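Those protein sequence lines, which keep their order, are chains A and B.
For the first sequence, our numbering begins at 1 and goes up steadily by one.
For the second sequence, our numbering begins at 1 and goes up steadily by one.
Don't read these hints as lab results, they were simulated from the structure.
All figures in this text were calculated on a predicted structure; none of them were measured in a lab.
Please note that the accuracy of each hint is not assured.
[To be verified] Okay, derived cross-link-like pairs now, DSS-like style, lysine-lysine, Cα gap no bigger than 25 Å in a straight line: (1) Lys-176/B to Lys-31/B; (2) Lys-318/A to Lys-60/B; (3) Lys-318/A to Lys-90/B; (4) Lys-327/A to Lys-90/B; (5) Lys-60/B to Lys-358/A.
[As the list claims (entries may be wrong)] Below, a sample of chain A positions facing chain B; criterion: calculated Cβ distance under 7 Å: (6) Ser-309; (7) Glu-334; (8) Arg-340; (9) Pro-342; (10) Val-343; (11) Val-549.
All C-beta atoms, glycine included, are put in the ideal place defined by N, C-alpha and C.
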Amino acid sequence: MRELLSGNEAVARGAYEAGVRLAASYPGTPSTEILETLAARFRSVYSQWSPNEKVAFEVAIGASIGGARALVTMKHVGLNVAADPFMTFAYTGVNGGLVVVSADDPEMHSSQNEQDNRFFARFAQVPMLEPSDSQESKDMVLTAFELSEMFDSPVLLRMTTRVSHSKGIVELSEPNSGPDKKFVKNPAKYVMIPSNARKRHVVVTERLEKLRQFTEKTPLNFVEENGSKIGIISGGVAYQYAKEVAPEFDYLKLGMSYPLPLKKIAEFIRNHDRVIVVEELEPFYEDQIKAAGFPVEGKKYFGNLGELSPYRVAQGLKEAGVIDEIKAVAIAPEPDMFPRPPVLCPGCPHRGAFMALKKLKVAVTGDIGCYTLGVLQPLNALDTCICMGASIGSAIGMEKVKGSKKGTVAVIGDSTFLHSGVTGLMDAVYNNSNATIIILDNRSTAMTGGQQHPGTGLTLMGDKAHEIDIKTLVTALGVKNFREADAYDYDAMLKTIKEEMAKPGPSVILTRRPCVLMPKRIMDEPYVVDLELCNGCSACFRISCPAIVASTETNEHGHPKAEIDITLCTGCTLCAQICPTEAIILKSQFVEV
Amino acid sequence: MANESLNILIVGVGGQGVLLASEIISEAAMKSGYDVKKSEVHGMSQRGGVVSSHVKIAPKVYSPTIQYGQADVLMAFEQAEGLRALDWMKSDGVAIVSTTMLVPAIVTSSKKLTYPEDAVGEMKRKAERVIIVPADKIAGELGNPRVVNTILLGVLSNYAPFEYDLWIEMLKTKVKARFVEVNLQAFERGRNIRLSPVEA
Numbered sequence: 001m002r003e004l005l006s007g008n009e010a011v012a013r014g015a016y017e018a019g020v021r022l023a024a025s026y027p028g029t030p031s032t033e034i035l036e037t038l039a040a041r042f043r044s045v046y047s048q049w050s051p052n053e054k055v056a057f058e059v060a061i062g063a064s065i066g067g068a069r070a071l072v073t074m075k076h077v078g079l080n081v082a083a084d085p086f087m088t089f090a091y092t093g094v095n096g097g098l099v100v101v102s103a104d105d106p107e108m109h110s111s112q113n114e115q116d117n118r119f120f121a122r123f124a125q126v127p128m129l130e131p132s133d134s135q136e137s138k139d140m141v142l143t144a145f146e147l148s149e150m151f152d153s154p155v156l157l158r159m160t161t162r163v164s165h166s167k168g169i170v171e172l173s174e175p176n177s178g179p180d181k182k183f184v185k186n187p188a189k190y191v192m193i194p195s196n197a198r199k200r201h202v203v204v205t206e207r208l209e210k211l212r213q214f215t216e217k218t219p220l221n222f223v224e225e226n227g228s229k230i231g232i233i234s235g236g237v238a239y240q241y242a243k244e245v246a247p248e249f250d251y252l253k254l255g256m257s258y259p260l261p262l263k264k265i266a267e268f269i270r271n272h273d274r275v276i277v278v279e280e281l282e283p284f285y286e287d288q289i290k291a292a293g294f295p296v297e298g299k300k301y302f303g304n305l306g307e308l309s310p311y312r313v314a315q316g317l318k319e320a321g322v323i324d325e326i327k328a329v330a331i332a333p334e335p336d337m338f339p340r341p342p343v344l345c346p347g348c349p350h351r352g353a354f355m356a357l358k359k360l361k362v363a364v365t366g367d368i369g370c371y372t373l374g375v376l377q378p379l380n381a382l383d384t385c386i387c388m389g390a391s392i393g394s395a396i397g398m399e400k401v402k403g404s405k406k407g408t409v410a411v412i413g414d415s416t417f418l419h420s421g422v423t424g425l426m427d428a429v430y431n432n433s434n435a436t437i438i439i440l441d442n443r444s445t446a447m448t449g450g451q452q453h454p455g456t457g458l459t460l461m462g463d464k465a466h467e468i469d470i471k472t473l474v475t476a477l478g479v480k481n482f483r484e485a486d487a488y489d490y491d492a493m494l495k496t497i498k499e500e501m502a503k504p505g506p507s508v509i510l511t512r513r514p515c516v517l518m519p520k521r522i523m524d525e526p527y528v529v530d531l532e533l534c535n536g537c538s539a540c541f542r543i544s545c546p547a548i549v550a551s552t553e554t555n556e557h558g559h560p561k562a563e564i565d566i567t568l569c570t571g572c573t574l575c576a577q578i579c580p581t582e583a584i585i586l587k588s589q590f591v592e593v
Numbered sequence: 001m002a003n004e005s006l007n008i009l010i011v012g013v014g015g016q017g018v019l020l021a022s023e024i025i026s027e028a029a030m031k032s033g034y035d036v037k038k039s040e041v042h043g044m045s046q047r048g049g050v051v052s053s054h055v056k057i058a059p060k061v062y063s064p065t066i067q068y069g070q071a072d073v074l075m076a077f078e079q080a081e082g083l084r085a086l087d088w089m090k091s092d093g094v095a096i097v098s099t100t101m102l103v104p105a106i107v108t109s110s111k112k113l114t115y116p117e118d119a120v121g122e123m124k125r126k127a128e129r130v131i132i133v134p135a136d137k138i139a140g141e142l143g144n145p146r147v148v149n150t151i152l153l154g155v156l157s158n159y160a161p162f163e164y165d166l167w168i169e170m171l172k173t174k175v176k177a178r179f180v181e182v183n184l185q186a187f188e189r190g191r192n193i194r195l196s197p198v199e200a
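All chains, please: the whole structure from these sequences, using the hints.
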């Protein structure tokens with residue numbers, strides 16, 4: 001059986017074939033579809049969204065110690081959140097196999113940084129596999145579980161955006177049931193008090209030595225000989241780029257890239273006149289190979305910024321002098337093209353909050369989610385975005401030093417608040433911050449595609465769940481100034497934010513308009529523009545709604561009047577509220593004369 | 001199984017059906033006995049931003065993305081996006097571009113940024129083989145504005161090495177049942193559009 005699968009779908013398929021019994025995750029691009037695929041297509045695997053990656057990791061640890069094969073998946077920055085359990089679980093080792101998938105995002109297509117998580121394998125001293133396409137993604141999940149149990153260690157499977165989100169043809173296999181294990185009490189192995197942990201660190205060091213021997217022999221690291229004097233060492237999707245542009249060279253392809261097969265690498269270097277390392281992001285292979293005393297080149301030709309591509313690899317190889325020509329680019333790029341950044345959807349309830357914040361000119365500490373788009377022109381209403389949950393802590397610090405004369409407001413979504421905003425809010429109460437915190441509750445993990453979370457009342461597998469009530473949670477923490485406001489009511493938003501900022505102590509404003517896309521598409525009666533009344537002032541253009549477009553009619557200064565695309569307008573009314581000439585009216589009330 | 005290879009770059013704006021189109025092409029390639037890879041980016045880049053999908057078809061495919069400047073076919077669901085991506089195409093490549101115009105708020109609210117006056121005209125000036133498709137107009141005639149992508153697939157079918165019946169089968173399996181009929185009509189309308197023999 002062959003199927004066209006994305007890398008993420010292939011990981012899910014691999015987990016199913018490996019007899020995984022539990023998978024846990026928090027959504028994050030580019031990793032999200034792994035658990036979505038499990039929940040949709042492989043129902044025999046119990047799969048769940050956890051509130052954050054740390055909890056997801058701990059859930060998987062419990063399943064592993066309980067005897068089952070367990071999978072935990074996250075985006076690269078998610079592993080920062082889960083680093084605490086990861087680093088110490090590397091000491092205890094597993095019972096049932098445990099595989100950690102880290103999906104990195106070189107180029108930051110949808111991320112706040114492009115950290116290279118291969119370093120986490122070295123940091124935790126656990127084995128790492130790096131698939132370069134969908135077939136390898138599936139196969140390596142199966143191998144990773146075998147290695148996990150063979151070496152009593154969690155295994156890091158390191159994906160990148162182009163592996164996770166590219167589709168390729170995958171040969172499927174029959175599922176196996178995995179090993180049949182039970183929980184066995186073993187505190188010396190699983191209770192990491194100092195006296196036990198010291199002994200386990202010895203085990204980690206011995207394990208690494210065994211892994212060093214294994215990595216020299218495994219077929220995951222293989223040489224492809226083409227009779228060339230030039231050798232390329234590569235892994236992950238960079239290998240595919242190099243093979244495409246320079247198939248004539250010899251290759252050492254690294255599938256198990258921690259620990260590195262240094263003897264195999266040394267032999268490969270001895271057999272070639274020149275060896276070039278082609279890897280994306282940081283010089284992870286290159287530095288280790290050089291530290292071992294072997295002469296290789298790499299990063300000086302490719303750099304460490306952004307994702308590689310066939311073209312960039314070809315450029316680097318040309319700069320290195322090993323290829324003569326790059327296939328020509330025949331058509332000149334178009335200069336001065338306008339940008340088309342992502343925007344808040346028509347009818348997005350976040351828009352009302354940002355219109356008010358922009359008007360108030362306060363310092364706005366932001367967070368991770370669709371609402372991060374509030375930073376872009378023409379809304380320009382966000383001042384910081386660091387990591388999940390950071391908005392509240394940053395607002396506390398900024399307010400303590402009176403960094404902004406106009407006051408400080410934190411903006412955070414529901415899923416992000418439950419992920420890691422709650423502890424920040426606890427800090428705001430405990431340390432009597434005067435910051436105002438707006439929780440934009442759209443009842444969805446919207447940016448990653450509308451996943452469930454502990455506040456939505458449904459689990460990943462579709463079961464009913466208790467809905468955590470944000471108001472109850474916030475007031476239980478001791479927040480005295482709690483208000484709800486309608487994000488579709490611009491004046492009310494302005495007034496509420498102003499009033500709450502004037503109060504001493506922390507204030508929380510909760511908006512509860514649901515996401516207009518998910519779980520169900522919201523389409524109320526659309527609005528239209530009366531071009532007789534529109535004076536072309538552009539006020540509605542500045543709220544950045546994709547449904548509002550330029551009319552071919554212009555005002556006396558030649559500025560375009562506005563038109564509304566009624567197939568996109570959701571009838572949220574925000575533009576009508578700010579139109580100074582009241583030219584935006586309900587479609588049914590518009591009478592053409 | 002043929003020995004040909006074909007790099008198809010599909011560009012558009014979030015919500016235009018770029019991903020469904022590339023899915024149909026990729027499945028058709030697999031069923032025709034080719035190796036195939038396709039690559040696109042999800043997440044933040046979709047919220048009304050540019051969406052692009054690379055489809056690579058060959059006896060053996062390595063990179064999931066097309067090398068810059070090496071697309072054989074550029075399919076653009078929006079004319080400015082077609083112009084923006086034209087440099088990804090080979091000089092003798094075929095560009096299939098919908099006359100659809102989507103002007104983003106960042107342009108309408110700005111005094112500095114402009115939308116190209118004649119994007120399809122500019123494409124014709126820069127490349128030899130450009131097929132301009134009035135897909136919005138055809139979709140309007142068919143009574144469904146969401147079939148622009150299928151009309152362009154119909155045009156593409158003249159330049160891709162798959163059997164006609166396979167295209168029809170793919171549409172029937174990938175499109176929701178109640179939209180199959182209008183999509184088949186859209187495909188036929190597109191299939192009637194091609195470069196004239198002289199140009200081709």
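Taking the hints in turn, this is what the structure says about them:
no.	hint	verdict
1	Lys-176/B to Lys-31/B	20 Å, holds
2	Lys-318/A to Lys-60/B	24 Å, holds
3	Lys-318/A to Lys-90/B	20 Å, holds
4	Lys-327/A to Lys-90/B	10 Å, holds
5	Lys-60/B to Lys-358/A	53 Å, violated
6	Ser-309	6 Å, holds
7	Glu-334	5 Å, holds
8	Arg-340	5 Å, holds
9	Pro-342	4 Å, holds
10	Val-343	4 Å, holds
11	Val-549	6 Å, holds
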